[in-house]
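S.K.: Sequence:
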Amino acid sequence: MTPALFDSSLYIAALRRGDALRLLTGRRPREAPIWLSAVVLEELYAGASALAFDRVKELEREFKEEDRILVPNADDWAQAGRVLARLAASYGYEEIGRGRLTNDALIAISAGRRGVVVITTNARDFGRLAEFHPFTWRLETP
Numbered sequence: 000m001t002p003a004l005f006d007s008s009l010y011i012a013a014l015r016r017g018d019a020l021r022l023l024t025g026r027r028p029r030e031a032p033i034w035l036s037a038v039v040l041e042e043l044y045a046g047a048s049a050l051a052f053d054r055v056k057e058l059e060r061e062f063k064e065e066d067r068i069l070v071p072n073a074d075d076w077a078q079a080g081r082v083l084a085r086l087a088a089s090y091g092y093e094e095i096g097r098g099r100l101t102n103d104a105l106i107a108i109s110a111g112r113r114g115v116v117v118i119t120t121n122a123r124d125f126g127r128l129a130e131f132h133p134f135t136w137r138l139e140t141p
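If you're matching positions, the sequence shown starts at 0 in numbering that gives the first Met the number 0 and goes up one per residue.
Note that these hints are calculated values from the structure, not bench results. Note that this is a predicted model, so its numbers are computed, not measured. The beta carbon of each residue, even a glycine, is placed where N, CA and C say it ideally should be. One or more hints might be untrue.
The calculated lysine to any residue pairs, modelled on SDA-like cross-linking and capped at a C-alpha distance of 25 Å, are [unchecked claim]:
1. 56 / 37
2. 63 / 49
3. 63 / 118
Label pairs and their in silico Cβ distance ranges [said to hold, decoys possible]:
4. 91 / 64: 40 to 46 Å
5. 44 / 85: 29 to 35 Å
6. 87 / 60: 35 to 41 Å
7. 87 / 59: 29 to 35 Å
8. 66 / 89: 33 to 39 Å
9. 73 / 138: 27 to 33 Å
10. 85 / 17: 39 to 45 Å
11. 47 / 87: 26 to 32 Å
Work out the full structure, taking the sequences as your base and the hints as a guide.
M.R.: Right, here's the structure in full:
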């Protein structure tokens with residue numbers, strides 16, 4: 000099965016519901032391996048409450064042990080800039096719009112490089128990114 004990673008939106012929803020353990024462990028029986036994007040990890044830490052901070056720390060530890068943290072490389076960063084410039088030209092995004100999409104572009108491009116499916120609740124942004132760079136994504140409700 001194709002490996003996958005969850006966008007921040009799904010982790011945040013799971014943390015809020017209190018059933019994050021199933022999602023956060025990264026171990027889902029009979030399914031493809033789950034990866035954690037370093038970008039998602041940064042977003043989770045940046046927005047974590049004191050209670051959620053410890054859960055995010057545990058999440059990081061588990062994915063590090065499994066060696067399944069996907070880190071954007073220099074080519075991913077450069078490609079993200081190119082994709083964001085093309086997207087901005089097509090959709091009329093100003094600088095703030097491109098800045099808001101930077102993390103999503105890094106997630107999408109690094110996932111595409113590794114053949115990892117992005118699972119997200121954010122159809123608008125990931126759909127637009129997919130117009131300008133090939134990667135596989137799937138919409139899921141939180």
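S.K.: So, against the hints stated earlier in the document, which numbers end up violated here?
M.R.: Of the numbered hints, all hold.
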